[in-house]
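Asks: Same order as they appear, the protein sequences are chains A and B.
Numbered per full-length UniProt numbering, the first sequence finishes at 88, counting up by one with no gaps.
Numbered per full-length UniProt numbering, the second sequence finishes at 395, counting up by one with no gaps.
If you are wondering where the hints come from, they were derived from the structure by calculation, not from laboratory data.
One thing to keep in mind: the hints can contain errors.
Said to hold, decoys possible - Incomplete in silico selection of chain B near chain A, CB under 8 Å: (1) Ile117; (2) Gly143; (3) Tyr288; (4) Ser295.
Said to hold, decoys possible - Only pairs whose alpha carbons sit at most 27 Å apart, straight line, appear in this in silico DSSO-like list of lysine-lysine: (5) B:Lys141 to A:Lys24; (6) A:Lys17 to B:Lys182; (7) A:Lys72 to B:Lys98; (8) B:Lys251 to A:Lys72; (9) A:Lys17 to B:Lys258; (10) B:Lys141 to B:Lys35; (11) A:Lys72 to B:Lys35; (12) B:Lys61 to B:Lys35; (13) A:Lys72 to B:Lys182; (14) B:Lys61 to A:Lys83; (15) A:Lys72 to B:Lys88; (16) B:Lys258 to A:Lys72; (17) A:Lys83 to B:Lys251; (18) B:Lys141 to B:Lys182; (19) A:Lys83 to B:Lys35; (20) B:Lys251 to B:Lys302; (21) B:Lys84 to B:Lys355; (22) A:Lys83 to B:Lys229; (23) A:Lys17 to B:Lys251; (24) A:Lys72 to B:Lys355.
All C-beta atoms in this analysis are idealised placements derived from N, C-alpha and C, irrespective of residue type, glycine included.
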Amino acid sequence: MENENVIICRCEEVTFKEICDTLKQYNCSSREVKLRTRAAMGYCGGRSCRSFVDTLVAEFSRRPRADDVQLKYRPPVRPMPFKTLGGE
Amino acid sequence: MIDCLIVGAGPAGLSAAIACAENGLSTMVLDEFMKPGGRLLGQLHEEPNGIWWNGIDEAEKLYQRAKALSISFHLETSVCHLEKVDGKYWTLHTDKGKFSGKNLLIATGAAEQSLPIPGWTLPGVMSIGAAQVMANVHRVKPGHRGIVIGVNVLSAAIARELLLAGVNLEGIVLPPRYLLTKGQSEPKDVFQSLLHMVHLAPSHLMKIGGKMALKSSFIRKMAVGTYPKKGFKVWGMPIKLKQTVTEIIGKENVEGVKVASVDSSGNIIEGSEEILPVDFVCISGGLYPLAELVSLAGCPFKYIPSLGGHVPVHDHNMQTPVEGLYVAGNVTGIESAKVAMAQGHLAGLSISSQKNKVSDGEALQNARESVVSTRTNALIHFHPDILDGRRRLYG
Chain A
1 MENENVIICR CEEVTFKEIC DTLKQYNCSS REVKLRTRAA MGYCGGRSCR SFVDTLVAEF
61 SRRPRADDVQ LKYRPPVRPM PFKTLGGE
Chain B
1 MIDCLIVGAG PAGLSAAIAC AENGLSTMVL DEFMKPGGRL LGQLHEEPNG IWWNGIDEAE
61 KLYQRAKALS ISFHLETSVC HLEKVDGKYW TLHTDKGKFS GKNLLIATGA AEQSLPIPGW
121 TLPGVMSIGA AQVMANVHRV KPGHRGIVIG VNVLSAAIAR ELLLAGVNLE GIVLPPRYLL
181 TKGQSEPKDV FQSLLHMVHL APSHLMKIGG KMALKSSFIR KMAVGTYPKK GFKVWGMPIK
241 LKQTVTEIIG KENVEGVKVA SVDSSGNIIE GSEEILPVDF VCISGGLYPL AELVSLAGCP
301 FKYIPSLGGH VPVHDHNMQT PVEGLYVAGN VTGIESAKVA MAQGHLAGLS ISSQKNKVSD
361 GEALQNARES VVSTRTNALI HFHPDILDGR RRLYG
C-alpha cells in the first residue's frame, strides 16, 4: 500500500509517514505527536485528523483508547475573524 | 436571563426547546447553519411501511411548533467558546456576540469521519454528507459522475438519496487497506457489518440469506468468497465489496480514481488495477459525536466505539456531572434522528423539572421510556452494539 505520503493533517500538511516515524522513534502520546509534528495544531483545531492521530497512537503503543480526550479542545472551536475575538 | 440556552437546532435541540418552552422556560436556540433542522434537512428515506421520511418536512414541523412557543432563534451563529460565570450561569461566546443563560443544553450532533486516501485533498473530494447537503438542501449536483468510498449504513443511505436526486454514481467501493482504514477495508469485516442492515434489503431472498449468514460463519465465508466483482445492487446502487480505490487522481481537481479488485481479506489482486473517470469522490468513514463544547465545559468523557467514539458522561435524564449542563442527540452517541428527538424531549423535561415546573415525575418517566423504545425499534442501527454501549453509560 503506497500510503506513506498521504496527508493526514490537512491544515499543517503532515503525512502518514511523518506521524508513523515519530511514533516509531518516541512511542509517544497524541499530545507529543502534535507537539513534534504539528498534526492537529492547525486552523481546523484537529477536527479532521485528531481521530487519525489517536488511532495511530493506539496502534503503535498497543494500548486501548482512553476515556479522556487525548488532544485538548481549545477555544475558539470555530475559525473566527480577529475582530470577533476582541479589541476595538 | 434566559432559562435555557440550546446549541444546535437539529432534531434533538428543537425537540428540547419545545419541551422547555411548553413548561414555561424562556428558551434560546443557536445554530451555525442558516436553516433550522440540522441533519434532518438531508434525510429522505422509505420506512418499512412504505411511508417516506422527509427530513425537510420534519424539520419544518418542529421549527413551526418552536416558533409558536416564542422560542428565540439565532441562526448562522457559531458558538466558539463557553464559560460558567460565578459558578451560576453560562455565557456562550459566538461570532454574533455573547448570550447568557441559567442552563445549557448541547445538542451539536455529529461530525463526519473521513478516510485519508492518496489524492483525498484534491478539489472534488468531499465527505458523503457534503454531497447530501449539496443535493438535498441546496439542490446542486456535486458533479457529473462520482464514486463513493466507504461501505456503511450512512454511505448506502445517502447514495440512495443521490440517485433519487439524479446524480450519477459508479457505486460504493472500499477504501485501500492500511492502518487508518482497519475494519472498513477488508471485505469480510464489511460484509459482516452490512448483515445488520439486511432487513432493509429489497428482496425476500436476500433477507433470508442474510439472516442465515448472520448465524453461520461458514455461509459468511462462502458469501464473501463468491461476492461478485460488479457488486450487488442495493436500492439500485452497486455495492462493490471486492473493489477498492487505491488513489484519487487529477491535476487541479478530481479527474478519476484508480480502482483494483481485492480478495476477502482486502489484498489487491495483481493486474486488476484500472482507472475510472469521475469528477467527484465522496468519502465516508462514519460519524463521531461533535463534543468540542461539552469538553470545554469541563464534562468528563467515556470512549465507547459503538456510540461513535468519545461521548460525554451523562445520566438517563441527559444531565451531565457538570451542574446546569445537559446533552441530547448524536453528541451522546450516533443514532437515528428519531432517537435524537426523543432524547431532546427528555432533556427538555429534565431541565424543566430542575426549575420545579414539572410537578410529576411521570412525564419524565414516560420520556425516558420513549427514548428506550425508539432506540429498540429503530430501523437502522449505526452500530450493532448500540444497546450495549448505552448500558455502559446508564448501567
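Asks: All the hints need checking, so say for each whether the structure fits it.
Replies: Taking the hints in turn, this is what the structure says about them:
{"no.": "1", "hint": "Ile117", "result": "7 Å, holds"}
{"no.": "2", "hint": "Gly143", "result": "21 Å, violated"}
{"no.": "3", "hint": "Tyr288", "result": "7 Å, holds"}
{"no.": "4", "hint": "Ser295", "result": "4 Å, holds"}
{"no.": "5", "hint": "B:Lys141 to A:Lys24", "result": "44 Å, violated"}
{"no.": "6", "hint": "A:Lys17 to B:Lys182", "result": "17 Å, holds"}
{"no.": "7", "hint": "A:Lys72 to B:Lys98", "result": "23 Å, holds"}
{"no.": "8", "hint": "B:Lys251 to A:Lys72", "result": "36 Å, violated"}
{"no.": "9", "hint": "A:Lys17 to B:Lys258", "result": "22 Å, holds"}
{"no.": "10", "hint": "B:Lys141 to B:Lys35", "result": "20 Å, holds"}
{"no.": "11", "hint": "A:Lys72 to B:Lys35", "result": "30 Å, violated"}
{"no.": "12", "hint": "B:Lys61 to B:Lys35", "result": "13 Å, holds"}
{"no.": "13", "hint": "A:Lys72 to B:Lys182", "result": "25 Å, holds"}
{"no.": "14", "hint": "B:Lys61 to A:Lys83", "result": "37 Å, violated"}
{"no.": "15", "hint": "A:Lys72 to B:Lys88", "result": "24 Å, holds"}
{"no.": "16", "hint": "B:Lys258 to A:Lys72", "result": "37 Å, violated"}
{"no.": "17", "hint": "A:Lys83 to B:Lys251", "result": "37 Å, violated"}
{"no.": "18", "hint": "B:Lys141 to B:Lys182", "result": "31 Å, violated"}
{"no.": "19", "hint": "A:Lys83 to B:Lys35", "result": "25 Å, holds"}
{"no.": "20", "hint": "B:Lys251 to B:Lys302", "result": "43 Å, violated"}
{"no.": "21", "hint": "B:Lys84 to B:Lys355", "result": "19 Å, holds"}
{"no.": "22", "hint": "A:Lys83 to B:Lys229", "result": "55 Å, violated"}
{"no.": "23", "hint": "A:Lys17 to B:Lys251", "result": "23 Å, holds"}
{"no.": "24", "hint": "A:Lys72 to B:Lys355", "result": "33 Å, violated"}
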